[in-house]
Every structure is written in structure tokens, then in C-alpha cells.
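Protein chains: 2
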Amino acid sequence: MSAANPGATSPQTVHVPLGDRSYDISIGNGNLAEVGRWVTSLRKVTHVVLISDGNVAKYYQQPVEDAIAAEGIRVTSLGVPAGEQSKSVPTAQSLWEAALADRVDRKSTVVALGGGVVGDLAGFVAATMTRGLDFFQIPTSLLAQVDSSVGGKVGINLPSAKNIVGAFWQPKGVLIDTAVLKTLPRREYLSGLAEVIKYGVILDADFFAYLEANVQPMLNRDPAVLQKIIARSCELKAQVVAEDETETTGLRAILNYGHTFCHALETVSGYGEYLHGEAVSVGMLCASRLGEKLGVFDAESTQRQAKLLSALELPVATPKLSETAILSAMQRDKKVEHGKLRFIVPHAIGKVVLTPDVPSEMALAAWREGIEDESA
Amino acid sequence: MSAANPGATSPQTVHVPLGDRSYDISIGNGNLAEVGRWVTSLRKVTHVVLISDGNVAKYYQQPVEDAIAAEGIRVTSLGVPAGEQSKSVPTAQSLWEAALADRVDRKSTVVALGGGVVGDLAGFVAATMTRGLDFFQIPTSLLAQVDSSVGGKVGINLPSAKNIVGAFWQPKGVLIDTAVLKTLPRREYLSGLAEVIKYGVILDADFFAYLEANVQPMLNRDPAVLQKIIARSCELKAQVVAEDETETTGLRAILNYGHTFCHALETVSGYGEYLHGEAVSVGMLCASRLGEKLGVFDAESTQRQAKLLSALELPVATPKLSETAILSAMQRDKKVEHGKLRFIVPHAIGKVVLTPDVPSEMALAAWREGIEDESA
Ligand SMILES: NC(=O)c1ccc[n+]([C@@H]2O[C@H](COP(=O)([O-])OP(=O)(O)OC[C@H]3O[C@@H](n4cnc5c(N)ncnc54)[C@H](O)[C@@H]3O)[C@@H](O)[C@H]2O)c1
Ligand SMILES: NC(=O)c1ccc[n+]([C@@H]2O[C@H](COP(=O)([O-])OP(=O)(O)OC[C@H]3O[C@@H](n4cnc5c(N)ncnc54)[C@H](O)[C@@H]3O)[C@@H](O)[C@H]2O)c1
Ligand SMILES: [Zn+2]
Ligand SMILES: [Zn+2]
Chain F
2 MSAANPGATS PQTVHVPLGD RSYDISIGNG NLAEVGRWVT SLRKVTHVVL
52 ISDGNVAKYY QQPVEDAIAA EGIRVTSLGV PAGEQSKSVP TAQSLWEAAL
102 ADRVDRKSTV VALGGGVVGD LAGFVAATMT RGLDFFQIPT SLLAQVDSSV
152 GGKVGINLPS AKNIVGAFWQ PKGVLIDTAV LKTLPRREYL SGLAEVIKYG
202 VILDADFFAY LEANVQPMLN RDPAVLQKII ARSCELKAQV VAEDETETTG
252 LRAILNYGHT FCHALETVSG YGEYLHGEAV SVGMLCASRL GEKLGVFDAE
302 STQRQAKLLS ALELPVATPK LSETAILSAM QRDKKVEHGK LRFIVPHAIG
352 KVVLTPDVPS EMALAAWREG IEDESA
Chain W
2 MSAANPGATS PQTVHVPLGD RSYDISIGNG NLAEVGRWVT SLRKVTHVVL
52 ISDGNVAKYY QQPVEDAIAA EGIRVTSLGV PAGEQSKSVP TAQSLWEAAL
102 ADRVDRKSTV VALGGGVVGD LAGFVAATMT RGLDFFQIPT SLLAQVDSSV
152 GGKVGINLPS AKNIVGAFWQ PKGVLIDTAV LKTLPRREYL SGLAEVIKYG
202 VILDADFFAY LEANVQPMLN RDPAVLQKII ARSCELKAQV VAEDETETTG
252 LRAILNYGHT FCHALETVSG YGEYLHGEAV SVGMLCASRL GEKLGVFDAE
302 STQRQAKLLS ALELPVATPK LSETAILSAM QRDKKVEHGK LRFIVPHAIG
352 KVVLTPDVPS EMALAAWREG IEDESA
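Residue numbers (the working numbering), protein chains in the order written: chain F, 2 to 377; chain W, 2 to 377.
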């Protein structure tokens, strides 16, 4: 489990087992150059609609377009502005219309090149254009590589609710190139690491220990360590998704560890103040303290998480915000049923439990005790 | 196969066999009154989003709402303007937002009450709201009862293309009440009969003969005959759909008998000039004459169709329109591949064959010979 020599890294594959919707995630360092051959190895493709955002297109659109075109495939490149606002009905409509104007048909394939915003949006366009087009993902943010590109959730926002319009639409393949993370802004990169740590806490204590042992290579974006943590994160998410593809059994809920506090924090602080992974960082520690209060989790394990998150420059302190606002945001969160609060509570590093009927005063206390670095 | 006494009609069920997406179509006379019990017999439902258009809501929204509410189900009634323009992105957006404003969640159920426009639109909203809601159809036009409510195609239009954005989203059940056809405008009703006749020509010679023998009861909207022809149409469409649910094998294409000519006619005459079934009527006769020219179909069978369509007050003559425009519309039709014209050509009443590589001059001749009642 030690960091290998970057030069020695060879590409690897994570299989996502979903019956006739199964597919592979190909992870490597520099494999973006092979995107054309990768696409044609998976499907007979004659026309690609390539969707990207401005920040990503600047670096990667031309090489991807060229590599795909080199296989004799016609490419329609469409761009959207970077940022969450592009996950909207008007942007989806502009993509539908632009694809149609360039002769999209039922045999066309959509390729998403970008972070979670582009993946969710392009996936929704793929799911709905001519009642469903083949879809490939090339996630370029760490968050997209370890989280949003796995699991088949695609969608857009309405002004009053995130991800409320969408579909389950699995890609035919996902290509992850760790080298593209070089251009990802540092804060975005660190934010993605919070979700990586989450997988360790919810499912894999060894993986958590590996992360603790590799803080410096992670900060340096060492390719071998990146490949290792991305592949393991994808494997763990794929396992959960395979057991509950369309979120009907409730098993998929464990992926929301830390996320009830996180969503409340994002809502009350105003979207944009915290990056998602930063709010996850704070939220996981709240959930851990809640575990302590419920008598199922020990303080040392909370401290281990706080130490790792801090070392990766993620926020660990709860900010001072109105408790009434936090509580009402948690009550509106989708993990609340019939007015009672439900949390994913850790029992040990590597094990979490969906816990209904948590008293709201106890949840607020777990929140409050994180203020002013009390948790560090 | 003779027309039964209306009083003697008992409800019947057509099963649509689609693996774990199978469902039943319940057909009766006056069964709308039982919609509440019907819904609860199929699923545990606590919240219904009922979508209808102005024309249909006027007669049927209140009784349906009351019957559903009587089962202790919360109902959110949403209305859209009648007409094809409602199958649009802005209307879908307004429905998503209105449903959300009235607390839609993943356990809500969408019920479409209306013609094909409402069915396609509400189905698309169901397919996409919170990544997919349960969906029930109560088709109220004859076209919706025999065609659009069977098969799971849902969707909306873009300004430049019909049905281009959508999904395959099967309902959990379809309820058909022949009594609601009483209020359907006569021209809409007759238009729906063209699709009924289409099923006879493509798949069932006995059914075609039954239609020939029951012109007067059909014109009178006799409930027993209506139930018979609707049930048989649903059965035949369900058979085809079951073999090619997502239109991948090409088998589903036979449902497009008459439709290449029909779409060209609709496009060139300007949408709204012909109702869809009226254009299907003209189109089926063009396809039949094409069959004669190809030496696979006999003139008497073309005449039988023309006589039946005429008796049901459907147009049989080709209108005078630019042949260049008709040809280019046919070439853009989705049944054209690689520039060659493909048609569903009848070989006998009850049997059609997908025929590629039809010379465009022959297709135009089949069109032209219908001008000025030459076919009657
Ligand atoms: N579908 C799912 O299961 C799922 C799961 C988690 C999150 N999400 C969604 O993902 C979105 C967030 O994803 P995100 O954090 O990737 O946001 P993002 O897509 O906005 O990317 C973050 C920023 O980094 C830029 N960027 C991405 N890759 C880059 C690269 N290689 N070099 C330079 N810049 C790059 C983007 O342009 C953007 O400015 C949210 O909309 C969220 O709802 C979806
Ligand atoms: N999904 C499919 O497989 C499929 C198949 C064929 C057609 N379609 C779609 O169906 C649509 C056409 O359907 P349509 O012909 O039902 O059109 P429609 O829904 O517009 O209905 C026709 C008219 O009849 C009115 N109406 C319907 N039922 C009535 C009733 N019982 N009493 C009084 N008025 C009533 C409507 O308000 C409308 O004015 C098109 O958009 C077409 O694309 C879909
Ligand atoms: Zn998250
Ligand atoms: Zn039709």
C-alpha cells in the first residue's frame, strides 16, 4: 500500500457491475491521449457530441477532439459556462438545440469532458436526447473522478432545488486521467479529497490508514498515489451503487455520511461560501461527534479524521451560524422522514449505520461543539 | 366478432409484457369513476400529481380528483393549455416547478389525464422529476387510447423537431374509459380511427374485416365496439412494443406504416392543416399504391382500405403540393438511412414489410397518383 514510483504506474480498470448496464472505469496517467481508441474499443461510434466548460475546454478540448476525430468520428463540440449555474433548464435546452442543429441522431454519442457540473448536465442531455444516447464520461475534477462520474445519477437544478430534474443514466465507459488534475485549482483539488476520506470512514479502515500515511504525496498530486486513491474510491462507490442502483433499498444512503450537516451548512452559509468537499469535511466531524454522543463512536476516531482533514488543508471547525436556520435546513434535507432526523452515524472507521430518530437537540449539540476549533 | 349489446360490455384487461416493466391496460365503459380504487390497487400511493389540459379538465378533472382523494391520497392538479404547443421545454419546466412547489417527492405519482399531448408531456415530467416517478395514464382521446398511451415513449418537442427530447418510461398502469370519447370532437375521433385501421393492415386481417363490418357502430361510438377495437389495437401495439421496447431491433418500425408519407404531408402542408390520423389515412393509401408499384400488393386491397377510410369520413385523396418539398421532407424523415428511402410496404391486408432502397421516383409516383381522388 505504499506510494509507488510514478513512472511505474500502469493504467488500471474498475468494473462497475450493473447487469446489462455494466461498464468499466479506465484510470491512468496520460491516458487522455488515447481517448479516440478508447471510445472506439467500447462502441461503434460515428458522431460524438463533446460537452465541456470554459475552464476545462481551454486545456483539453482540442486534444480530445483531435484524438476522437483521428478515429474518423465526426465531433460536435459544445461549450457551457463553468459553474453550477450551467446545470439549468435553459442550458440543457441550448445543448439540445445545438446538438440538433448539428444533426444529432439516435446513433450519436455524448461525451462529457469536465467536472461534476458538466458530467451531470451532459448526462442529462444524453439521457433525454432522442430518448437516450450512449454516454461516456471523462471527469476532470477530483470530485467528479471519485464521486459524480460513478453511479449514473445525472440531472440539472431548478431555481429552488438542486438535482431535482434528472435520470439514472449509466455511461458506457469512464476515462480518468490523473494528469488533468495538474490544472485543477488547489482549493477544488483539496475539496475532492474530502470525499476520498469519506469512503475510508464509511467502508474501508485500511484505505483510511493508507490516506493517513500518504498526506504529502496527496498534497503533491503524486500520480501513483492519485491513481490508487481514485481507483479505490471508484471501487467502493461502485460496490454501493451496484447494491442499490436507483436508490430504492436505502443502501446507497451511506454515501451521504456527513452530508446532512454539509447540506445545512451549504444552505445556511449561502452556496459558494464553502466548496462542497469543504462542507463535507465539517459535516463528517459533526456526524462523528454525534456518534460520540450516541455512545457508538469514540473520540479518538473523530480526532483521526480531524487530523487527516486538517493536514489536507480542509476546514474542520463549525462556523458560527444561526442554529435555528441549521436545524430547519436539516429538517428539509431529503434524509429526513416524517419530521424525525436521520443521520449516517459512524460506529468505527470503516463502518457507518443509518440511524433514524435522532433528537434534534443532540444533532445541534454535535454541530455546536465544532465551533472555534473545539474538535481539533 | 359482432357488435355486442352496450349494456352487456364488461371491462377487460390487456397485459403489456415488458419484464419487470410489465403493466395492465384496463378498458371499460364508465370505469373512470373507479380511478381511485384502481390506482391504490396497483401501488401504494400517497401523493398524486394530476396533469390535464383545459379541454379535458373541464369535464373530467374534478371527478378524477375526487375519486383519488377519496382514497386518502393528496392530489396536486396541474393544468396546461390544450394543444401541441404544450409539449415544450417551458411547459415542462413550469410543471416541474409547480410540482416542486407543492412538495413533490420521490414517492409521488404522476397521473396523465388527456390526449397524446398530455400523456407525452406528463410522462416526460414523470421520467425526469427526482430521476423518475411512478406514472399512470388515463388517455382520453381515441389516438391516445389506441396508440400514444401504449409503448412508453414520452417526450416533448423543440421548436425545430417533434418528440426529440424524451425517454422510454413505462406507466405502471393505463385506464381507458370509452365513455370519455363522447366529448371528443368528431374530427379528433375520426382521426383516431385511422390508427385503428392501420393495426388491421399491418398485423390482423380479421380485425380489418371486423372494422369493415362495423362502420356504423364506430361512427356512433358504440361502447361495445369501441371497447373491442381499442382493446385489439392495444394488444397489437403491445405485441410489437414487447419485441422491441426501445426501438433498437427495428421491429417497432412497422407501426410507421403510412407514416413517411404522412410526416411529409404534415410538414409540407403546415402542421395543423391535417390532423395526424387524417394524414395517416392519406399516407397509408400512398404506401399501398407503392406496394402495387413494387408488385407486392394488389389494387383491390388498396381499394378496401380507401373504402373503409372514406366510410369513416377520413381523407383519401393526396393534396396538390410541391413534389420537391414532399421528397425532401421524406428524405429527412427518420426512416431514411444513408439517403435511400425506406418504407413499410403492405404485402397483404395483415402483413407489411420494411423495404429499404425504394427509388424516390417510385415513391413520388405513388404520392402523385392519389391526387384528385384517383385512388377512390
Ligand atoms: N452525479 C452525482 O452522483 C454527483 C455526485 C456528487 C456531486 N455531483 C455534482 O457535481 C457538481 C460539482 O462537481 P465539481 O466539484 O467537479 O464542480 P465543477 O464541475 O464546477 O468543477 C469545479 C471547477 O473546476 C474546474 N475544472 C474541472 N476540471 C478541471 C481541470 N482538470 N483543470 C482546470 N479546471 C478544472 C471547473 O471548470 C470548475 O470551475 C455539483 O453540481 C454536484 O451536484 C454529482
Ligand atoms: N408516445 C407515443 O407513442 C405517441 C404516439 C402517437 C402520437 N403521439 C403524440 O400524441 C399527440 C397527439 O395526441 P392527440 O391526438 O390525443 O392530441 P391532443 O392530446 O392534443 O388531443 C386532441 C384534442 O382533443 C382534446 N381532448 C382529448 N380528449 C378529450 C375528451 N375526452 N373530450 C374532449 N376533448 C378531448 C384535447 O384537449 C385536444 O384539444 C402528439 O403530440 C403526438 O406526437 C405520441
Ligand atoms: Zn458529496
Ligand atoms: Zn401515427
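A few of these clues could be false.
[To be verified] A short, non-exhaustive set of chain W residues, derived as facing chain F with CB atoms under 7 Å:
1) ALA162
2) VAL166
3) GLY167
4) ALA168
Hint data in this document are derived by calculation from the structure and do not stem from the laboratory.
Using N, Cα and C, we set each Cβ at its ideal position, and we do this for glycine too.
Checked hints:
The interface hint given for ALA162 of chain W is met, as the beta carbon of that residue sits about 6 Å from the closest beta carbon of chain F, less than 7 Å. The closest approach between the C-beta of VAL166 of chain W and any C-beta of chain F is roughly 5 Å, which is under the 7 Å cut-off, so the hint is satisfied. Interface hint at GLY167 of chain W: satisfied, since its Cβ lies 5 Å from the closest Cβ of chain F, which is below the 7 Å cut-off. Because the closest C-beta pair between ALA168 of chain W and chain F is about 5 Å apart, less than 7 Å, the hint holds.
Hint check: no violations occur; every hint is consistent with the structure.
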